[in-house]
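Asker: Which chain is which? The protein sequence lines are A and B, in order.
Going by the numbering used here, the first residue of the first sequence is number 685, and it counts up by one from there.
Going by the numbering used here, the first residue of the second sequence is number 191, and it counts up by one from there.
Keep in mind that the hints are not guaranteed to be accurate.
As the list claims (entries may be wrong) - Quick list of in silico lysine to any residue cross-link-like pairs, SDA-like style, CA-CA up to 25 Å: (1) B:403 <-> A:842; (2) A:874 <-> A:916; (3) A:769 <-> B:417; (4) B:403 <-> A:834; (5) B:207 <-> A:810; (6) B:207 <-> A:807; (7) B:207 <-> A:816; (8) B:213 <-> B:227.
Stated by the list, open to error - Chain A stretches covered by chain B per the calculated footprint, using a threshold of three residues with CB under 8 Å from any CB of chain B: (9) 759-773; (10) 776-786; (11) 805-814.
Unchecked claim - Cβ pair distances, simulated, as ranges: (12) B:533 <-> A:876: 39 to 45 Å; (13) A:827 <-> B:212: 56 to 62 Å; (14) B:392 <-> A:754: 41 to 47 Å; (15) B:323 <-> A:872: 24 to 30 Å; (16) A:750 <-> B:334: 49 to 55 Å; (17) A:838 <-> B:343: 55 to 61 Å; (18) A:888 <-> B:514: 50 to 56 Å.
Quick caveat, the hints were computed from the structure, so don't treat them as lab data.
All values derive from a computational prediction rather than experimental measurement.
Cβ atoms here follow ideal geometry from the backbone N, Cα and C, with glycine treated the same way.
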Amino acid sequence: MLEARELIKEFGDLRATDDVSLTFGKEDGEMTFIVGPNGAGKTTLINLLTGLLEPDEGSVIIHEKSENGTTERDITDMDPEQRVKTGLVRSFQVVHVFEEMTVRENIRTASLSNHGLTRSFWSLSDEHEEVENDVDELIEQFRLEDVAGDVAETLPHGDRKLLDVAMSFALDPRYLLLDEPTSGVGAREKEYVIETVVEASKSQNVTTVTIEHDMDIVREYADRMVALVRGEVFREGDPSLLDTDDELRRTLLGVTPDE
Amino acid sequence: MSNEDQSEEKETIRLMKGLHLTKPQLALALVGLVVVLLVPEIEGFFDNLQLDTFHNGILWGMAALGLALLLNKTELVSFGHAAFFGGGAYGGAMLVNFVGVDSGLLILFAAVFFSTAMAFAIGWFVADYVAIYFALLTLAFGQLLYAIAIGSPTLGQDEGLRLRSGGEASGDPPSLFGIEFTLQQQGEYRLVLYYFTILLLIASMIVMYRIMKSPFGSALEAIGQNRTRARFIGIPVERYVWGAFTISGFYGGIAGGLYGLRQLSIGPEGTLYVFVSGEILFMAILGGFQTIIGPIIGGIVLTFLLDNVRFLTEHFELIIGILLLLVVFVLPKGIWGSSEDIKNGLMTRVKNPAQLGADVGTLQKMLINAVRNAITTIKIILFGVK
């Protein structure tokens, strides 16, 4: 279980995250979707959880199940790369891949890191069987077979998004934080991208936290929904709130129930 | 997988794990090796081909090879790599002068140790920085060392240090592999040192090749292409840059140590000055830093030019400058890195001379576009934006 405890982050006078306390993955594999208007602090929250930003106050905690109950692990002071090793992995709203590498090399590099092999300077990158197997599997799972040898910067946008997420999965995530996995993807491709991502998460029982603007997607896939407004948790609960909670609808969509 | 499968299909000869060459490549490598080994024999036949120049060229090339790891993989430009070349040279010289050691191998060991330790220390400061800040910091550290060397009476100020026994001008050169050399046997000494250099050159090229192809090399490449993403796939970015920087200094140390043994007398001007850093950088770019052989070729070519062109014309710096411009504009991958492109280009033109006509067309278009852009710019400057 991943917990944000009383997180506060200020940028100048602006409180981007205002005393946010949330837990994700009470049950393994839970899919939480974060919604909210622009500037609500959604990305800031993910940045705080993954260590791209340091909170002004509050902490980030991982609850690990062990033989004698659960133990708390405060990871607030950990570097992003250390958090990755605890299974906390993210994607970015703007695709972050290694642009001059091929699809295969991108996933391979992530997988090498996951297997703790990047310190090896005498073996060859492509000779590690366990890595190559993982890479093959991911390429198939994310349906990237046709472009596996293509350089990342030449890919169509939808494939780039998938590659970004595939690299996250190469890290064996326990908690996967996805910042708008469908942003900038055309309407037709959108369904395909989100389905592939959901399928992969379900098959590996990964707890996901996804920022999403498309309410249809939230309704269809979310186990749970969190609405952030002006840095605060505005609503938290079942995605059906999107249809039943008028105040929430007004805030998010700017519509009144009569419309 | 498709890419790798295709390259495997071509008939290749496996030299070692991960190093496969086609037959023409292998033949070329062997010819190259023979030529390199024969340089001492044939230097007398050509006025311009001197063992001196060639040997030094190789050494500068080795330093450029170390720099190429940073340039190629982490995409960091170090403007202070003379620090490690000079550090190696001074490290060896200090052992001779202050400890009185005269074994060439020990001197080389001290050189490598000293420069690697320096790279380790400097790397700790610079690993957090990127782009212009990294370049300026490395430049600053290089200048700092230059200032120390030129200001310190212990280090001989602008006269530098000698690596002859007793640090004296008439001293014997250091011993190599247990062989003692007298002042008169300096020719033999240099010959042994040359072949030893070739051995170390081959070893260091193989090691660099393996590093670049290794998971560590992949991680460095990831850092070069997207630091943030590299971090978020679990790569400890600063530590790896630090490591690459140290390896790079190690290469500078071998080269500088051998240079000291070769010259037997070193000074700050020729090993530590900021222009020397620029030259090492230029060598890597000139030869092509995406390859292993490129920096060595760049080292040999630039050293040859620096040693010879200055006697042909007093404007040699102009010629070197124009050469750099040409390489950047026409051969961005360097001499060796572009050899495949040049070959392919020539082949299509031999098969199809009409292509030459198209080239003229392309050139015309480029010129017309350039003129048009220039006119637009002048218009904007004169009349403002519409």
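Asker: Against each hint, give a clear statement of whether it holds in the structure.
Answerer: Comparing the hints with the structure gives:
In summary, the hint linking residue 403 of chain B to residue 842 of chain A is not supported, as the alpha carbons are separated by about 30 Å, beyond the 25 Å threshold. Taking the CA atoms of residue 874 of chain A and residue 916 of chain A, the gap is about 28 Å. The hint is violated against a cut of 25 Å. Taking the CA atoms of residue 769 of chain A and residue 417 of chain B, the gap is about 17 Å. The hint holds against a cut of 25 Å. Restraint check for residue 403 of chain B and residue 834 of chain A: the C-alpha separation of about 19 Å stays at or below 25 Å, so the hint holds.
Taking the CA atoms of residue 207 of chain B and residue 810 of chain A, the gap is about 11 Å. The hint holds against a cut of 25 Å. The hinted pair formed by residue 207 of chain B and residue 807 of chain A meets the criterion: a straight-line CA distance of about 9 Å does not exceed 25 Å. About 17 Å separates the Cα atoms of residue 207 of chain B and residue 816 of chain A, which keeps this hinted pair within 25 Å; it holds. Our distance criterion of 25 Å between C-alpha atoms is met by residue 213 of chain B and residue 227 of chain B, whose separation comes to about 21 Å.
Taking a C-beta to C-beta cut-off of 8 Å, the stretch 759-773 of chain A contributes 6 residues in contact with chain B, enough for the three needed, and the coverage statement holds. Requiring three or more residues with a Cβ within less than 8 Å of a Cβ of chain B, the coverage given for the stretch 776-786 of chain A holds, as 8 such residues are present. Counting residues of the stretch 805-814 of chain A whose CB lies closer than 8 Å to any CB of chain B gives 8, so the stated coverage by that chain holds, three being the minimum. Taken as a hint, the range 39 to 45 Å holds for the pair residue 533 of chain B and residue 876 of chain A, whose Cβ atoms sit roughly 43 Å apart.
Taking 56 to 62 Å as the suggested C-beta distance range, the pair residue 827 of chain A and residue 212 of chain B does not conform, at roughly 35 Å. Range check, residue 392 of chain B to residue 754 of chain A: about 57 Å between beta-carbon atoms, so the 41 to 47 Å window is missed. For residue 323 of chain B and residue 872 of chain A, the Cβ-Cβ distance of about 44 Å falls outside the hinted range of 24 to 30 Å, so the restraint is violated. Roughly 52 Å separates the CB atoms of residue 750 of chain A and residue 334 of chain B, a value that falls within the hinted 49 to 55 Å.
Remark: the range hint 55 to 61 Å for residue 838 of chain A to residue 343 of chain B is upheld by a beta-carbon distance near 60 Å. Checking the proposed 50 to 56 Å range against residue 888 of chain A and residue 514 of chain B shows it holds: the Cβ atoms sit about 52 Å from each other.
Violated hints, listed in ascending order, are 1, 2, 13, 14, 15; each of the other numbered hints is respected by the structure.
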